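With the hints as extra help, turn the sequences into a complete structure.
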Amino acid sequence: MSKKKVPEINSSSTADIAFLLLVFFLMTTTMAVNKGLSRRLPPPVPADQKTEDLKVKERNVFVVLINSENQLLVQNEYMGVAELKNRAKEFILNAKDDPNLPEKVPMDVEFFGTVMVTKDHVISLQNDRGTSYSKYIEVQNELVAAYNELRNDLAQQKWAMSYDELNEDQQKAIQKILPQKISEAEPKNYGGKK
Amino acid sequence: MGRFRDTSSSKEIPAISTASLPDIIFMLLFFFMISTSMKEVDYKVGIKAPEATELVSLEKKTLVRFIYVGQPLPKFRAQYGSEPRIQLDDAFAEVSQIENYIVAERSAMPETDQDLLTVSLKIDKDCKMGIVTDIKQALRRAYALKINYSAIQRANSNL
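Just so you know, the protein sequences line up as chains S and R, in that order. The first sequence begins at 1 in our numbering and counts up by one. The second sequence begins at 1001 in our numbering and counts up by one.
Be aware that a few hints might be false.
The following label-pair restraints were derived from C-beta to C-beta distances [unchecked claim]:
{"#": "1", "chain 1": "S", "residue 1": "7", "chain 2": "R", "residue 2": "1035", "range": "37 to 43 Å"}
{"#": "2", "chain 1": "S", "residue 1": "180", "chain 2": "R", "residue 2": "1108", "range": "30 to 36 Å"}
{"#": "3", "chain 1": "R", "residue 1": "1034", "chain 2": "S", "residue 2": "165", "range": "24 to 30 Å"}
In the PhoX-like style, the derived pairs of lysine-lysine whose C-alpha atoms are separated by at most 25 Å in a straight line are [stated by the list, open to error]:
{"#": "4", "chain 1": "S", "residue 1": "135", "chain 2": "R", "residue 2": "1048"}
{"#": "5", "chain 1": "R", "residue 1": "1039", "chain 2": "S", "residue 2": "35"}
{"#": "6", "chain 1": "S", "residue 1": "85", "chain 2": "S", "residue 2": "172"}
Per the computed footprint, the stretches of chain S lying under chain R, defined by three or more beta-carbons under 8 Å from a beta-carbon of chain R, are [claimed, not checked]:
{"#": "7", "segment": "4–16"}
{"#": "8", "segment": "19–25"}
{"#": "9", "segment": "129–138"}
{"#": "10", "segment": "144–155"}
Simulated from the structure, these hints should not be mistaken for lab results. All of these numbers come straight from a predicted model, not from anything done at the bench. For every residue, glycine included, the Cβ atom is placed at its ideal position computed from N, Cα and C.
In structure tokens, the structure reads:
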């Protein structure tokens, strides 16, 4: 019996096949990951119901207006975007219990015990139809940044960790103390031609 | 010594082995498969996302629907003009179609996921808020309240 040698399978084309697959994936996919600013819209107002302005005390509202020229009016003052974050932080925290800033209510929070919280504050962001989208996102971003920085500060103070590193319960506690309340108002016209 | 080959008999240089080439290519392939994501649609509008720092990423692909807004690409300008337009899936759309689109998309989802529907707004940064406000109102009417303004990461927050 003569032993017949089985010929080796030629594998030189495997590389070509792999290249084909590679090129296919390069063409059909994109690098971009889906990231963005998450927001929650208010529920719709029934058509037959009159739009009733919610009774919110004036001291609890932080009004940010953007007009059609992309100018900012914050609490009736002209302001650049750079200052907005610090003003918002001051407003949310009301560290000195200023009577012009939002009122503080005692609240029981896990880990922290009873703390004074500016529970009813609202940041009201209003824009014109002519406002540019990039300005709007810039302002939204600053407001979210204000909240994120405050939450981070609190997390550092309490646990010496950044907010992202905390576990779910700890994050919830901080969210309770610093609730994110950015309201996107019903559309109106502020300045500029229609 | 018998173990060593006679050096004088063969002078040919052996061919470089390409046996590991497929493995290298496969490695590249896997890298791209993992780090990229499939294109959702062919864009008919040009979108340059605005920049922001405080971003969160959208986790579950199946729960996200996209609305694209921007100037129509040059090849569509003759037909659709150069004003910002809305694109739903693969076609241009009007604001009035958004409500139906969202309702239809939501009813196609499994019942347990319907509340988790997130609408990602991919909007060109040169758009005006007018069209964005119209879309937001339409989404409110369709009860799609979770939205995400698509943006790209900016390195630092200096303004």
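Hint check:
no.: 1; hint: S/7 - R/1035: 37 to 43 Å; result: 39 Å, holds
no.: 2; hint: S/180 - R/1108: 30 to 36 Å; result: 31 Å, holds
no.: 3; hint: R/1034 - S/165: 24 to 30 Å; result: 25 Å, holds
no.: 4; hint: S/135 - R/1048; result: 14 Å, holds
no.: 5; hint: R/1039 - S/35; result: 15 Å, holds
no.: 6; hint: S/85 - S/172; result: 23 Å, holds
no.: 7; hint: 4–16; result: holds (count 4)
no.: 8; hint: 19–25; result: holds (count 4)
no.: 9; hint: 129–138; result: holds (count 9)
no.: 10; hint: 144–155; result: holds (count 3)
Hint violations for this structure: none, all hints satisfied.
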